[in-house]
Every structure is written in structure tokens, then in C-alpha cells.
Amino acid sequence: MDLPAGTRNYTYAQDMAILRTRTHWFLFVLLLVAIFTAPLYWGNYWLGVANLIGITIIAAIGLNILTGYCGQLSIGHAGFIAVGAYTSAVLTERLGLPFPVGLISAGITAGLVGMLFGIPSLRVKGFYLAISTIAAQFIIIWVINHWTGVTGGFVGMRVPYASIGGLVFKSESSQFYLIIGITCLTVFFAKNLARTRAGRAFVAIRDNDLAAEVMGISLFRYKLMAFFIGCFFAGISGSLLAHWIGYMNAEHFSLTTSILYIGMIIIGGLGTALGPILGVVFLKLLDQLLTVQLVPFLESTFTALPAGFATGIAPMVFGLVIVLFLILEPRGLAHRWQLFKAAYRLWPFSY
Amino acid sequence: MRSKRLLALSVVLCLVVVAGMLPLAACGPTAEKTLKIGMTTPSSGPAAEKGSPMGHANLDCIKYVNEELGGVDGHQIEVLWLDNGYDAAKAATIVKRFIDEDCLFFTTASSGMMSAMMELANRDYFPGISSFSSPVLTHPPRHIYGQTPDYGDDWAAFARYFMDNIWKGPGKPRMAMHLLNNPTGYGARDAARALADDFGIEIDFDNWVFEHATTTTSEIASLTTILDDDIDILYISSTPAPTSIIIKNAVELGMFPDMLIGCGHASFTKALIDLAGADVVEGVYGVYPTVDWDDDVPGLAKVIEYCKKEHPNDYGNMDYIISWAQSLIAVEILRLAVQNAGIENLTPQVVEEQGFKKLKDFDVGGLHGPVTYSPGDNRLSKSVRVFQIKGGAITPVSGWVEAPLVKYEEYDWFGK
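Protein sequence lines, in the order shown, are assigned to chains A and B.
Start counting at 1 in the first sequence, then tack on 2, and there's your number in my numbering.
Start counting at 1 in the second sequence, then tack on 24, and there's your number in my numbering.
Hints in this document: simulated from the structure, not taken from any laboratory.
Given the structure is predicted, the values throughout are model-derived calculations rather than measurements.
Hints are not guaranteed to be accurate.
In silico DSBU-like pairs for lysine-lysine, Cα to Cα no more than 35 angstroms straight-line [what the hints assert, rightly or not]:
| no. | chain 1 | residue 1 | chain 2 | residue 2 |
| --- | --- | --- | --- | --- |
| 1 | A | Lys-172 | B | Lys-192 |
| 2 | A | Lys-172 | B | Lys-57 |
| 3 | B | Lys-60 | B | Lys-332 |
| 4 | B | Lys-57 | B | Lys-381 |
| 5 | B | Lys-382 | B | Lys-414 |
| 6 | B | Lys-414 | B | Lys-192 |
| 7 | A | Lys-172 | B | Lys-332 |
| 8 | B | Lys-60 | A | Lys-286 |
| 9 | B | Lys-381 | B | Lys-326 |
| 10 | B | Lys-381 | B | Lys-87 |
| 11 | B | Lys-332 | B | Lys-272 |
| 12 | A | Lys-172 | B | Lys-333 |
| 13 | B | Lys-57 | A | Lys-286 |
| 14 | A | Lys-172 | B | Lys-414 |
| 15 | B | Lys-87 | B | Lys-272 |
| 16 | B | Lys-326 | A | Lys-286 |
Short derived list, chain B residues pointing at chain A, Cβ under 7 angstroms [what the hints assert, rightly or not]:
| no. | residue |
| --- | --- |
| 17 | Ser-68 |
| 18 | Tyr-210 |
| 19 | Asn-231 |
| 20 | Glu-434 |
Covered stretches of chain A (chain B as the covering partner; in silico rule of three or more C-beta atoms under 8 angstroms from a C-beta of chain B) [what the hints assert, rightly or not]:
| no. | stretch |
| --- | --- |
| 21 | 145-158 |
| 22 | 177-186 |
| 23 | 237-247 |
| 24 | 289-300 |
In this text, a Cβ means the ideal position worked out from N, Cα and C, and glycines have one as well.
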């Protein structure tokens, strides 16, 4: 008989398990069924939104590993996504290589570029590291815009459909399965990374890098590893984005996008596995609600409003939400979820 | 304990059912047959100074057509308008929404946003019109149409006017270019690469061609590099905010008004005068594919009436005129499609074949050049006019100048 409090683990495997009870497994399977049957009841538009959310979650998880777990602030994440996008686009469109090669190469290339721009992290941190990652953003975009023979420069370049073998991911549903599959693998990796030696080293570096070094953790090795892993996922995300949109232009990877990613992981909860997922879903759905529902309603119904008022509401609400989260719940939605679960377990008692 | 588990399971099941039903909630009882089109403008974000009046004009014109003209052959036009915020990923989901919502075609204002949407639209054979076009959108010609001449055509028309009417010096005039770092700017560069030699204009593409971002705050550094190069003319292909900064910087360096400045149509609107100041931009030339507010053309009366009634702050902004004309073209496309194929048979592909490709000499009330589809040329209107800013007003100095078709896809440097 299960008791409402305390744990009863008799093996290491039970103690380390992510899903520890039959209820956990049932809910998890139910979630997977709900996700993977989505194409049966969602149209192309909502599948497109889900695809964009999936792509964004992969990049946000990468940034969370770098910033949330290892404490290395990066405000150039969109630049690393662009590296992955263009790597995959060039390899598949110009060189005719298969999509899986483009996908993995996108991750590796973005990871290596991330490591290069992560070298300053060995000497600087905090605000100064943020400036160097902003420099990465601008340098990468400049290179993309001026390497015209390879990237098409300012004009951009077309990107073919993703394909594996003879299977071409043309329809929105097939792209959904591809993107959500890779997203699930990414979430699984990130959750387990936090429980490995490397994950614990990242946290130690974040909490006190001097103490971590004294304990024998190599800052050089683990900081660069964090940059590589974080930017690897950014590259994977970029590759999926390129093949989903079908056309690449450096304008798609602005500094504003990089800052928005920081906002997503803050709202979701830094340093948690669930945080990037909650943050991305929350902000993307908020964006849809404002852009698709609220603004057209205001524009068409209240024509006496000052010019630009209705369309200005969306960015205003975005900024307000980020500020409110920083003030009221700086630990993000993941912390709120933890509090809810704890309250549910203890209900009707409060402690 | 067991009741808590059951409660949790039932809550989760309810959430799953609700989440699954939400996207279907938009479905309602079938209404009278309407003609549905999608329209998207960057009404917020870095291009809002152009996108906002354009969005207003799109909707005001459709309102005029529905209320005063009874729609298209008695069928009301239903517009699904969405703000893309000049965000490429959002624009990609918007075009999917248009397709999902059974829109017959879509319109957009910006060439930058159309470049994010065009591949998705082309893949689904979903036709679209962009107010502002660039060569990459319509070359090779597929399912994306440019309402007006593209940014390359702007350069070609302005260069032709400059050589025929302004340049009196010996030899070749020396031209520098300042380009927005997207298809808006580089469309003009591509035209210059293709035609500069033919026009007898000297352009050093390595040293006299600069780029800038929409967020630029100063171009003193780039302009300083050409201070001693005896540049006769600076051509700017950008949006109003960066253009105003470049012109101010040119004045500060003493380059203007000694050097002539010409602007592409993406920046040459009332917003430029408001941002830079009338005294700063006095004498600047520009091209625009529409008439201006003081012209005497039949179609302008309704534009002025609705603008003053619905969005008086947009009065004087030429972007409003271009989007009004875009909506008139959309209405004509629907009318042709209904006439040729019947309302029951309309699909995006049918509308393209029986609407878009049947456009011939359609007059948008004189607001811009006649609209005609030519096979192999997805520019619907091919003429621009040259204007000059005099006394704080944009004044026409030429008639309609037709821009030649340049087959960029035949140049091996195109798209590189």
C-alpha cells in the first residue's frame, strides 16, 4: 500500500528513476499519446504553432543548460541557431547531402562555434560575458550576410524539405512527428544530463566557480562543454527551423530573438528541466492569443482607438509579463509547479 | 488516497480533452458564402511606421467595398487580418493559418516578411501579393506577385530619370549606395549590378556600397569613407527611419545638398519628412509607385474620405495609398475569379489561374500604374514616378516611368 508521505525505494534504480510510480507512468504515457495523436485533431495552423514551439523548446533547453545550469549568460543564442540553420541549408541545398547529415552537422558546427565564443568565459563572467556573446550574435550575422557565395548573403537561400531516406517530410503532420520526436529526445537528454557528473559540475560552477575549481572541477573543460552542448541544441533547432520555413534569411535571427530566449527560460525557470518547456509554451501561446485573437478584435471593433494602440498592446503585454515574473516569481513557472505538486500531496494539510 | 488519484486522473483527462477541442472551437455554423482572404502587415515591431498605416488602408478599403459596393457580385469579402510584427517565425505561422482558414489568397506589405512566407506559400500553391517586392520574390516567377515594381525597378527608373533629366556633367556620374540589410536594400544593388554599365553610371561596388540595419543610429562612419571620392549621387534603398538618419548624417558632414540623394519607395513617404525634418530633406529625390495626396485622380476621393474618417493620423502617408490600391487589386482578382470560375469552384489555385492571371489593364482609380499580368513577369504594376521633396511636401517631377523586366535568374551572381 502506498503511503502519502515519505519514499520507499529499495534499489538505486528506484531511487534514481524519473518516473517512480504507476501513476507517473500512466500520466506519462497519456501525455505521449495526447501529443502523438495531435495531428488527428489539429489543423495545419495549430500543428505549425506546435512545430514552432517544439523547435523553440530545443533551443531554449540548450540555453538553459548553458545559462541555467552552468551560469554562463549568453545573449547571442539566435546567432548560434543561425549557424545551425545555414549549415544545414548549405549542406542539403548546395551540396545535396542528406538531411540527417545536415542536422547533425548543424549541431556540431554550432557547438564548435559556441565553444569558440565561449573561450572568453574562462576569463570573464556575468555582464562582461554577456557582452562577448552579443558580439557573437553580430559577428555571426555579419559573416552570414557577407559570405554571399555560400549563404546567399542578404538575399537569403531556399532550403529543401527535410527527408530521411525516401521519406520526405512535406506535410505539416510529418514535420510535427519529426520535430516533436527530436524535442522529446532533447528533453530526455537534458533531464538526464542534470543527474550526471557533468551536470553536477555545471551546477557547482554556477553556484561558486572558485569553490568548484578548488574541489577539482576543471572550469576550462566544463565551461566549454556547456557552451558546446548548449549551442549544439541551438544548431539542431536552427536546422529544423530552416527546413520548416523553407527559406533562410539572416533577418530571422535578430538580437531581439536572443533576448526573447532569455525571457523564456527566466519565465519557465532557470536551471530546471521543465522550465524551458513551460516558458516557451507560455510565451508562444500568449503571443498567439495577443496576435491572432486580441489585436484583430480590437482593431476591428474599436476603430476610435488611437493609431497603433491595438498593435502596440502585444509588445506591451510581453514586457509586462516578463517584468511581473521577475518581481513576483523569479524562480519561474517550474517553481510554481513544484509548489502546486507539494500542496497537492499535502492537501488538506498546508505543511 | 484513492480519491486523490481519481481526482488527478479526471483533471488530467479533462485538460487533454479541452486542449484537443480548443483548436476546433473556431468552427461554427455555416454562414452565407463569403470570399475569404488573408492580409498581414508589420503593424508592430521595427517596421511599424510603414506597416501600421498599410494595415489600416487594407481594412478601410475592404470596408468601403463591402458597405458601399456590396462586396464582389453581392458576396461580402471576409478579411482575416493578422499583425506579423516583422517576425519571420510568426509570419510563417500566419501563412499556415491563412491556408488552414481556407483563404483564397493573401496579401502582405513587406518584402522581408514575404521572403519568410513565400516558400511555404509556394509549396502549397497558395498565391500571395506583396505591396513592396524585391527580385528574389518574383524571380523565378511562381505563386508570389509583386503589386508594384520591386526595389530593383526603383533604382532602374530613378537612374534613367537622373541620366535623362539631371546629369549634365561630362563622363559618368559616380554613385554610392546605402542599403538596408535585407531584400529591400539588395534588390536595388542587384539592379545596379545588372544595369549600371548600360546606363553609364559608375559604381564601385567594393567601396561605395554600404549596408545598415533598421536599428542603425548613425552612419557617419560609412559616409566619411566616401567624403573625398567626389560622389555625385547617393542612392538609399531602405525604410524611413534609417533613411532619415543617413540623410541627417550627410547634412552634418556637408555632403548634402552638394551631392544629390535619391531614395527607393520603401522610405520615400511622409514618415521620412516627419522623422528627419522638412528642412533636412529639402531637395531629396525619390521614387514611389503611386500618386501623392495632392494629385487629381478619381480614386483618391474615397481614399481621402475613409482615411480622414477612420484613421486621420495616416493622412498624408503614401503607404496608405499603396495598401488601398492593393485591396482594390485583391477585389478585382476576386471579381475575375468569380466571373470566370463561379463562386462555388473557388480554390487558391483557381483564383490564381482565373483571377491573378486574367488581370489586364486594371485601373486602380489612377492611384498607381495599370495592373496587368504578363506571363513570366509576376510584377502586376511596372511603373513608378519620380518625386522631390519641396517645402516639406512630396512633389511629383515626372510622369509614369516604366521599369524594364530584368531576368535576374539569368545572372550567375543573382542570389549570391
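Okay, the hints, checked on the actual structure:
| no. | hint | verdict |
| --- | --- | --- |
| 1 | A:Lys-172 - B:Lys-192 | 57 angstroms, violated |
| 2 | A:Lys-172 - B:Lys-57 | 31 angstroms, holds |
| 3 | B:Lys-60 - B:Lys-332 | 27 angstroms, holds |
| 4 | B:Lys-57 - B:Lys-381 | 24 angstroms, holds |
| 5 | B:Lys-382 - B:Lys-414 | 40 angstroms, violated |
| 6 | B:Lys-414 - B:Lys-192 | 22 angstroms, holds |
| 7 | A:Lys-172 - B:Lys-332 | 47 angstroms, violated |
| 8 | B:Lys-60 - A:Lys-286 | 26 angstroms, holds |
| 9 | B:Lys-381 - B:Lys-326 | 27 angstroms, holds |
| 10 | B:Lys-381 - B:Lys-87 | 25 angstroms, holds |
| 11 | B:Lys-332 - B:Lys-272 | 31 angstroms, holds |
| 12 | A:Lys-172 - B:Lys-333 | 46 angstroms, violated |
| 13 | B:Lys-57 - A:Lys-286 | 33 angstroms, holds |
| 14 | A:Lys-172 - B:Lys-414 | 54 angstroms, violated |
| 15 | B:Lys-87 - B:Lys-272 | 39 angstroms, violated |
| 16 | B:Lys-326 - A:Lys-286 | 39 angstroms, violated |
| 17 | Ser-68 | 4 angstroms, holds |
| 18 | Tyr-210 | 4 angstroms, holds |
| 19 | Asn-231 | 15 angstroms, violated |
| 20 | Glu-434 | 16 angstroms, violated |
| 21 | 145-158 | holds (count 8) |
| 22 | 177-186 | violated (count 0) |
| 23 | 237-247 | holds (count 3) |
| 24 | 289-300 | holds (count 6) |
Against the hints set out earlier in the document, violations occur for numbers 1, 5, 7, 12, 14, 15, 16, 19, 20, 22.
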